[in-house]
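Student: All chains should be modelled from the sequences, with the hints used to inform the complete structure.
Letter by letter, the chains look like this.
There are 2 protein chains.
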Amino acid sequence: MWRNYLKEHQIQVEACLQTLVPAQAGPLSRIMESMRYSLFAGGKRLRPILLLAAADAVGAVGSRFLQSACALEMIHTYSLIHDDLPAMDDDDYRRGRLTNHKVFGDGMAILAGDGLLTLAFETLLSQTEVAPEILARVAREVAQAAGPAGMVGGQAIDLESEGQLPSPDVMKLMHRLKTGALFRASLRAGAMLGGGSEEDLRSLTDYAEHFGLAFQITDDILDVTGTEEALGKPIGSDEKNQKATYVSVYSLTEARRMAQAAVSDAVAALERFGDRAWVLRSLAEYLLTRDS
Amino acid sequence: MWRNYLKEHQIQVEACLQTLVPAQAGPLSRIMESMRYSLFAGGKRLRPILLLAAADAVGAVGSRFLQSACALEMIHTYSLIHDDLPAMDDDDYRRGRLTNHKVFGDGMAILAGDGLLTLAFETLLSQTEVAPEILARVAREVAQAAGPAGMVGGQAIDLESEGQLPSPDVMKLMHRLKTGALFRASLRAGAMLGGGSEEDLRSLTDYAEHFGLAFQITDDILDVTGTEEALGKPIGSDEKNQKATYVSVYSLTEARRMAQAAVSDAVAALERFGDRAWVLRSLAEYLLTRDS
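First to last, the sequence lines map onto chains H and Y.
For the first sequence, the numbering used here begins at 1025 and goes up steadily by one.
For the second sequence, the numbering used here begins at 1025 and goes up steadily by one.
Just to be clear, a hint being listed does not mean it is correct.
[Said to hold, decoys possible] To give an idea of the chain H side of the interface with chain Y (calculated C-beta under 8 Å), a few residues:
id, residue
1, ALA1111
2, MET1112
3, PHE1145
4, LEU1149
5, GLN1168
6, VAL1176
It is worth saying that the hints were derived from the structure and are not from the lab.
Keep in mind it's a predicted model, so treat the numbers as computed, not measured.
Don't be surprised by glycine CBs; every beta carbon is placed ideally from N, CA and C.
Tutor: Listed below in structure tokens is the structure:
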């Protein structure tokens, strides 16, 4: 039944994104097309779902905050476009389709990323039905998570350490910044928008840390054990790019054990929310069985 | 005496930027170094000065809003870093120094731009002494100006039209988005932060439109008549890159006449502010004599 929740809310996010980033004629048609190409490429909308489910968990109706949820997806999409560039990971395929720069060229891909990042903040700050002090706090939280002390910083560490295996500590920091920070902001934003208490916020932050870790470990496992069909991209790319992963630093068996422990810890952090956190609970457990 | 104002406030902006973007040891040292390299490259701090002077004009003490002013400089700097990339204008020099990607590599330059853009929003939204509804409004205004309907859109039009001269209308739209939008946001943000009335806001918006136009025309003129020493970059790059400019679309004489008219219009828009707008008045007039 949580798959129904997922599908239903994915459709809502999709529809909202369509109104926020519409196709356009005229001189701006190409940049909008480039942004839309990557935004509507069949993503799982995980960050939006986390935000909505966190608002549910603190007792609000999550779908009131679809616009914030979409802003997070814009930031995630921008990061993928820039990550795929030849100057970064140099990937030709993503989700079974050519990457943005292979279709629109490197220059337009850089601008599409820049555009999505900026539009995300405009979107976050344009919700007239949310109190301005909440808006400002949520947008600040997201900016922090996406910036040099968060996602951009993690990507910079990743870029610096290619070809030279970093220490396990630096690898963990890199992942916490590169993917963990935006998960954390998604969950905390949902709690803030939904009017959660500081105690709610602490529990969801705790959940976020463990969720992010489990996500990263299972991501590294999939790069070894997954199939190209399910992933929509070549497997074994981490090894090819000499990246430090939980599988290469530890082992496949140990990585699986660590993922299971992280999921248990994530679920434990949800205790105070009872049934209202059922989606977040299912999402964490799903990480152990995902194939993409 | 306005040069004293300029120098004094440039020093304040410089000091504030130093605290907002400090050098850092550890795994994030390189990305911070890359951001700082371009941020402290001797820019004129024109957008921060416009914000501070606009707050002065509506009767506030501009220097209370240094943090917002610095955020605008971060956004301007990010746009220069990305514009200089090989995938865009492919420039090796800026302000007499190697461009960011020539020193740090394309990947780190992209990230430095991403980092500055994101940090700008964090900075805007972290001013505890400003009311949250003003903060949210100012940040939304800046996001709009920097995004696909503003600066990013202008850059996209520029990228699309290289090698094929666009119509005068498309060229004007491109400049209004690429450079005009952020000037406009700087002035409007200053007015909002300073507690200006809607009438104040309208007059400063009017000033901004004319100021932006005069800036762009004189920029195009300098690319033909300027010296490499004063500009810190090769002259004639617009012609080399087959860019549509006010000089190529009209003529040098006509462009000079248009710049003069735009400055007169800008100054006229300041009438209601009287002496309090003396810096904005001097800034507009300076455009006609600038050599860089």
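Student: Decide, hint by hint, whether the structure agrees.
Tutor: Evaluated hints:
1. Residue-level restraint check for ALA1111(H) holds (minimum Cβ-Cβ distance to chain Y is 4 Å; threshold 8 Å).
2. At a threshold of 8 Å, the smallest CB-CB gap from MET1112(H) to chain Y is about 5 Å, leaving the interface hint in force.
3. With a least beta-carbon distance of about 4 Å to chain Y, the hint placing PHE1145(H) at the interface is held under the 8 Å criterion.
4. Annotation: interface hint on LEU1149(H) holds; nearest CB of chain Y at approximately 4 Å, less than 8 Å.
5. Interface restraint check: GLN1168(H) against chain Y, minimum CB-CB distance 5 Å, threshold 8 Å, status holds.
6. Residue-level restraint check for VAL1176(H) holds (minimum Cβ-Cβ distance to chain Y is 4 Å; threshold 8 Å).
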